[in-house]
Structures are given as C-alpha cells and as structure tokens.
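There are 2 protein chains.
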Amino acid sequence: MLSISNRGNAMPASPIRKLVPYAEAAKKRGTKVYHLNIGQPDIETPKMVLDAVRNSDFKVLEYSHSAGNESYRRKLVDYYASVGIQVNHQQIIITTGGSEAIQFGFMACLDAGDEVIIPEPFYANYNGFAVAAGVKVVPVTSSIRNGFALPPIADFESKITARTKAIVICNPNNPTGYLYSKAEMEQLKELILKHNLYLFSDEAYREFCYEGEQTSAMHLTGVDDHVIIMDTISKRYSACGGRIGALVTKNQQVLDAVMKFAQARLSPPSFAQIAGEAAIDLPANYFDTTKAEYKKRRDLIIERLNKMEGVFCPNPGGAFYAIAELPIDDADQFCQWLLESFSHEQQTVMLAPATGFYGTPGLGKKEVRLAYVLNLEDINKAMDCLEVALKVYPGRTI
Amino acid sequence: MLSISNRGNAMPASPIRKLVPYAEAAKKRGTKVYHLNIGQPDIETPKMVLDAVRNSDFKVLEYSHSAGNESYRRKLVDYYASVGIQVNHQQIIITTGGSEAIQFGFMACLDAGDEVIIPEPFYANYNGFAVAAGVKVVPVTSSIRNGFALPPIADFESKITARTKAIVICNPNNPTGYLYSKAEMEQLKELILKHNLYLFSDEAYREFCYEGEQTSAMHLTGVDDHVIIMDTISKRYSACGGRIGALVTKNQQVLDAVMKFAQARLSPPSFAQIAGEAAIDLPANYFDTTKAEYKKRRDLIIERLNKMEGVFCPNPGGAFYAIAELPIDDADQFCQWLLESFSHEQQTVMLAPATGFYGTPGLGKKEVRLAYVLNLEDINKAMDCLEVALKVYPGRTI
Numbered sequence: 007m008l009s010i011s012n013r014g015n016a017m018p019a020s021p022i023r024k025l026v027p028y029a030e031a032a033k034k035r036g037t038k039v040y041h042l043n044i045g046q047p048d049i050e051t052p053k054m055v056l057d058a059v060r061n062s063d064f065k066v067l068e069y070s071h072s073a074g075n076e077s078y079r080r081k082l083v084d085y086y087a088s089v090g091i092q093v094n095h096q097q098i099i100i101t102t103g104g105s106e107a108i109q110f111g112f113m114a115c116l117d118a119g120d121e122v123i124i125p126e127p128f129y130a131n132y133n134g135f136a137v138a139a140g141v142k143v144v145p146v147t148s149s150i151r152n153g154f155a156l157p158p159i160a161d162f163e164s165k166i167t168a169r170t171k172a173i174v175i176c177n178p179n180n181p182t183g184y185l186y187s188k189a190e191m192e193q194l195k196e197l198i199l200k201h202n203l204y205l206f207s208d209e210a211y212r213e214f215c216y217e218g219e220q221t222s223a224m225h226l227t228g229v230d231d232h233v234i235i236m237d238t239i240s241k242r243y244s245a246c247g248g249r250i251g252a253l254v255t256k257n258q259q260v261l262d263a264v265m266k267f268a269q270a271r272l273s274p275p276s277f278a279q280i281a282g283e284a285a286i287d288l289p290a291n292y293f294d295t296t297k298a299e300y301k302k303r304r305d306l307i308i309e310r311l312n313k314m315e316g317v318f319c320p321n322p323g324g325a326f327y328a329i330a331e332l333p334i335d336d337a338d339q340f341c342q343w344l345l346e347s348f349s350h351e352q353q354t355v356m357l358a359p360a361t362g363f364y365g366t367p368g369l370g371k372k373e374v375r376l377a378y379v380l381n382l383e384d385i386n387k388a389m390d391c392l393e394v395a396l397k398v399y400p401g402r403t404i
Numbered sequence: 007m008l009s010i011s012n013r014g015n016a017m018p019a020s021p022i023r024k025l026v027p028y029a030e031a032a033k034k035r036g037t038k039v040y041h042l043n044i045g046q047p048d049i050e051t052p053k054m055v056l057d058a059v060r061n062s063d064f065k066v067l068e069y070s071h072s073a074g075n076e077s078y079r080r081k082l083v084d085y086y087a088s089v090g091i092q093v094n095h096q097q098i099i100i101t102t103g104g105s106e107a108i109q110f111g112f113m114a115c116l117d118a119g120d121e122v123i124i125p126e127p128f129y130a131n132y133n134g135f136a137v138a139a140g141v142k143v144v145p146v147t148s149s150i151r152n153g154f155a156l157p158p159i160a161d162f163e164s165k166i167t168a169r170t171k172a173i174v175i176c177n178p179n180n181p182t183g184y185l186y187s188k189a190e191m192e193q194l195k196e197l198i199l200k201h202n203l204y205l206f207s208d209e210a211y212r213e214f215c216y217e218g219e220q221t222s223a224m225h226l227t228g229v230d231d232h233v234i235i236m237d238t239i240s241k242r243y244s245a246c247g248g249r250i251g252a253l254v255t256k257n258q259q260v261l262d263a264v265m266k267f268a269q270a271r272l273s274p275p276s277f278a279q280i281a282g283e284a285a286i287d288l289p290a291n292y293f294d295t296t297k298a299e300y301k302k303r304r305d306l307i308i309e310r311l312n313k314m315e316g317v318f319c320p321n322p323g324g325a326f327y328a329i330a331e332l333p334i335d336d337a338d339q340f341c342q343w344l345l346e347s348f349s350h351e352q353q354t355v356m357l358a359p360a361t362g363f364y365g366t367p368g369l370g371k372k373e374v375r376l377a378y379v380l381n382l383e384d385i386n387k388a389m390d391c392l393e394v395a396l397k398v399y400p401g402r403t404i
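Top line first, the protein sequences correspond to chains S and R.
With the first letter of the first sequence counted as 1, position 292 gets the number 298 in the numbering used here; the numbers rise by one all the way through.
With the first letter of the second sequence counted as 1, position 275 gets the number 281 in the numbering used here; the numbers rise by one all the way through.
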C-alpha cells in the first residue's frame, strides 16, 4: 500500500521554519524582516577556518574514516582538555552536525517505546529525532519565573518509569539560554546514578556563558559510563553549514554501537572536517571577542524587552537565546501577525513562538524565543518594531 | 538501565570495513595492499569542482535550506533532464550523501515491522538503514550463473506479505555490477503497480554503463507516485567525501514527509553543495573519459579473473564492481588470509567477502566483490597476487 509511515506522519514540522512563507511574503511586499527566529549567527566564520578549506590541495575528495579524520580527532583531544574534559581520540566520533550526534545517541541507546525525560521548553528537534527513533519524549516543565532553572529532581523522579533510559539536557540551554549551575549538575548526577540512566548532554553553546563557567556533564565524576556529549562546531565557530559535530563518551559499548551507525552512513563531510580541525588553532582569545559581542547583544535585548509594558524576560546566562513572556493571547498568532499584518517604518521582526519548544500541549502560548544573532543596531530596530507591535496587536492582553 | 538498544545490538558492522585491522597489520609488516575492497575511486575529483569550493568567497558558513540550495536544485533539474528524467526543483531534496536519501525514504515510507524486498546480493548498508528504521529486509536471491539478472517476478511475489511496502533496487548494481534491462524494469513496474508498492531506486552509478544505457526508474510511465530515486554525487564525480546526494520523487506526500526529516537535521553540508552545483557545468564529455577508463579496468579484471583456474566472474554491465566465484572454502577466511598470511613479492590484495552482501545466511561463501577503482597497472598486480594466492591457499577446493 502506498502510504506515509506513521512516523512520517508523526514527525513534527519545524516550529521555527513554519512561518517562513509569511516572512517571504512580507519581504516581497517590501518589508524588512529582522530574523530573531533562528540561531543562524551573523558573526563571520573565522577567516583562517574558511581559508583552511580554500587552501586545501588534495586531488580526490575521499571518504574519511567513519569516525572522522584521525588528525582532527586527535586535535579535538586538546580542545576538550582546554575546557576541562579529559578524553582520548577514540572516545570522539565526528558526526554530521550535532544533529547526527543526537540521532546516533538515541539510536544506539534507546529502543522504540523507550522514554527520555527532557526539561521543557527544549530544542524542538529532539522531538523529531525521538519520533524517528520511536522514542517517547517525557517533558518536565521548567518555569520562566525562575529563569528556567532545572526543575526539582522530584519532578524528574515522578516521571521515571521502567522504560525511562535517559535524561537529555542542553547546557547552556537552547531555547531558554539558561546555564545550569554546578549544584544542578550534581543533582542530575545523583539522579542518573540512582536510576541508572544515560545523561545526554548537548553542549553546543559551551563557550557562550556570560556569568560564570559551564559545568560540562563530563566534569562530573563517577558517571563516565552514563554521560554522552552531543557537540557541534556550528555555533562555536559560526560554521552552521559545515555540518560537523561530535559524539563524545567514555562508554565503550556506546562507542562500539555508535560506530556501526557511523559506518552505515560511511563518513562525515570531508571539507568541513578540514574547517573544524583548523578552528582548533584559533587564538585563545577568539571566544573572548565573540562572547563579548553576544553579551552586549544579550544585555541590550533583555533591557529593551523588560522595559516594554507587560513583558517579562529573565536574563539568560548563556547561549544566544532568550524566552520572553509577552502580553498577548497567542504567540503563534502573534508571530504570524507580525509578518502578515504589521510593519513599523516598513520593518518587522520574526520571532519563534515558544509553543514549539514545549512537549506539554498548551504551554508557552504567551512566550516567544528570541535569538540575539543580529548586531546591536538591528536588535534595537527589531525591538522598536516589537514595542510598537505590542501596542497595536489586536490580541494584546493589556 | 544502562544498556545498548536492541537495534544498536542488531546493527550490522560494516562487512567491508571489518578486515581493516588486518590490512593495517599487513602494511605495518611492509606489505603493499591493493584495495579492491571498497568503492573509493582513485579517479581525481574534477579540478573545477574542487576549485568552486576553493574560490568561494562567502563570509559566514551558513545553514542552507533544509532541502538544499535552491540554485543547486534548479541546476539539478537540467542534469536530470539530460538523463531523460523530467522533474522540477521542488521534487528534489538534497541529502547528506546517498546514505541519507535511503534513510529518509525508509523513515518516511516505512514503519517498524514493515518489509522491503531486495534482490541479493545487495549493498550492505541497506541492512543498516533498515535496522535503524526497524524495517525487515526480505531478500530475493539473484544468481551469479546469469550474471545476477533480476530474479523471476514470481520469486518477488512469493515473498510479498501484508507488511511489504517497497522493492529496493540498485541500478547499475552495487555489488554485482548488473545493469537491469528495460524489460526487467518494465517487469518491476508491473509488480509495483499490481501490489501497490514503492520502488526505491538507487541510481548512484547511473553514468557507468558499459553496454547499453541505464533505464531509470523514472523512465517508467504511470508509476510517478511509486518511484523514489536515491542519488549521490559520490561516485559520479569521484566526490565521496562531499556527502551530497538527493532524494527525487514526484510523490508530493513523500516529499512533504521527507522534508520534515530534512528540517530536523537542519541542512545538508554547504561546502559540498557548491561542489555539486559546479559539477553540473562539467563538459558533456566528462563521463566519456571516466567511463572509458572504468571500462578498460573492467575488461582487464574480468579477463584476468576468468583466466584463473576455477574462477568464474560474469561480465558486469555497469558500476565498478564485479562479484567472482572462487575455488575456495570460505570467502571470509580467504580474504582475511590474504591480508594475514599471504604475500606475493611483498604485495597482497584486499577483497570484500560477498557474504556481507547476502541477506540469506550461508550464501556467497565462495564469492568475493572486487571494486575496480585502481588503475590498470595496479589491477594487474592485484590479479597477480590473487592468481598466486589461489594456488597456495590452504582452503582451496581445486
């Protein structure tokens, strides 16, 4: 019978990309759209990283090792050591973006019907990879009132069943920007030890912490077999299109199983591995500059948001996202209206409704995610648009 | 509980790559190893294709559209038209290698427990993607005696159950090199129409046909909704490391479902999309040269093989593989022995045991796959090694 699979039907459409047709229509009408809806940084990819690819002189664009080039993995050992993570190159499997690291982790550790607990709001594509793997996402709700801190451990425990196999965190968090404290990470450690769970830790935004340092899941002691890091160069070096990430773990069984999935897809992209390897030679102050830029943007956007009447936005400690509560009836409608029916001086702003980041239906209806990936001037203009929009939106609640 | 998933355990290790440690040990002993075991061509990637990447001058390595760059997809429309396939750019989704096209097709069309029928021997990674998707591969055996022609349609029909959703073919075939005739393709058309099945057609080797032309699944009429093409630039332009492929179909429901999987992983690699797009501007005679080279290699390797006592190797019509029957007890043991215990003038040859390409246990034990991806001189030397080896192998049967 010719039909789409149940999982094909269940697969969620991207909540971030579904408004794209409205943005395209707005642009066709001559309206400038400020994109705060997607984590595509405007920061330039370091020239030396791109030049490494441009100056490459091989003659055959060959498959690499299924785990990625050994030279790259050996250099990554130094990178991880520089952030306090002690691993060897055989504990690193290069993946096609962080996306594939998540997929591989789910596929190798979880069967259809197994459950993973994820604090919500969470990165929407975890849902997609879970559907592909037949895995059930069980959300534990975090609250905008305390800045989306780790929910109480009792909330996690109340969700644990015989099918629970893993906790997934993103730290610093996309979409909330929350940076989990050392104490919270230690709480998670006790939880995974007590219930013998995997801890999948998405650390894509490791370097982007504005107050304090990130506590990596790999800084935790005594849980080597539990911890699987999902990593990527996408945000770190503004190299989203490279599609290079990594799965890092000390669990040899997991490495062996993941390698079989890695072999089936042959190898990660060769060009961008060259870029990733070159990035490790960036000067030590590279992140200082980028981080300082993001911090200025964060400070500006948070200040502007909280000055608007009825808006509440906690100050995120990391990544380059913030979730704001707006005085509106429905974030999905509001975000569509911004593109379809609003403009201020021929400009408008594109935001991501937060509903797509919650697993529990009905949550996040007054919340939007803002990615502060634009320069200060553009952020100011985008905030001007939002400020005016909130005064005239038909569904405003104040 | 910390454990590997059942699918992680069921995932097959690569049958091609499992002998790698023995090859590495041989090289360390100073033995030169001719690699006929893997489809990594030695043909140079066209310089203009690599130069397109080297001369690119963007500043931010951005995500592309989840379906791939529109400019690339529009150029692919011309490429497909040049091989008699009429599609528009919205019927093409760029994937991360042909591998991802297979994955997406399986995921979007098949549920866990569904069945796909594949003529064996078949490309081993179909097994891996099937395990990942929970799909059952049902083999229909083709025979070396008739050069691995399409098995009788009655054999397919005897395997069809209520769970059968698709037929998978690779044309020209990896690992057999067999080129399905127009008549065989028409038979398959009747089969998929009669039983309302998808036809997944892997056409990675489309250009490499040495006698006659390829009949694409998309040349068949009246089965637009049934046909899904899995494609890749890997072999076509000797660009395996780019990891760029495509899923092509006129079935809008399938396109919509596949797009959701594509969005979850964000985008295919940006660098290699530039390479893929440039490749479409290669001169029309590009394939003539490559094909002439492969044909010479095929002619040589087939001649050499069939001159060896007890060896039988049908003449493959396409791709760059051949399967030979050898006068040996066990192909797995023989291939390992070639690396571990044999050398001729300090040289040996690495072959792929055919057992890994069969779904039915016990088949292919006397067969090996040879990829003629080396130059004529190296092929001759590799055949010298094989010829001597067959005379002294302890498990020889003549």
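Because the hints were derived from the structure by calculation, they are not lab data.
Some clues are possibly wrong.
Pairwise CB distance ranges, derived in the manner of DEER restraints [said to hold, decoys possible]:
1. S:Met54 x R:Asn386: 28 to 36 Å
2. R:Asp305 x S:Ser9: 44 to 52 Å
3. S:Asp262 x R:Ser77: 38 to 46 Å
4. R:Val398 x S:Lys65: 30 to 38 Å
5. S:Asn312 x R:Ser77: 54 to 62 Å
6. S:Glu351 x R:Asp294: 57 to 65 Å
7. S:Lys313 x R:Ala87: 54 to 62 Å
8. R:Thr403 x S:Thr227: 31 to 39 Å
9. S:Asn12 x R:Asn386: 52 to 60 Å
10. S:Met54 x R:Gly228: 38 to 46 Å
11. R:Asn321 x S:Lys65: 26 to 34 Å
12. R:Thr295 x S:Lys53: 34 to 42 Å
13. R:Lys34 x S:Gln92: 47 to 55 Å
14. S:Pro18 x R:Asn312: 30 to 38 Å
Predicted, not measured: the structure shown is a model, and the values here were computed from it.
Cβ atoms here follow ideal geometry from the backbone N, Cα and C, with glycine treated the same way.
Check your understanding: Any of the earlier hints contradicted here, and which numbers?
Key -> As far as the earlier hints go, 1, 5, 8, 10, 13 and 14 are violated by this structure, in ascending order.
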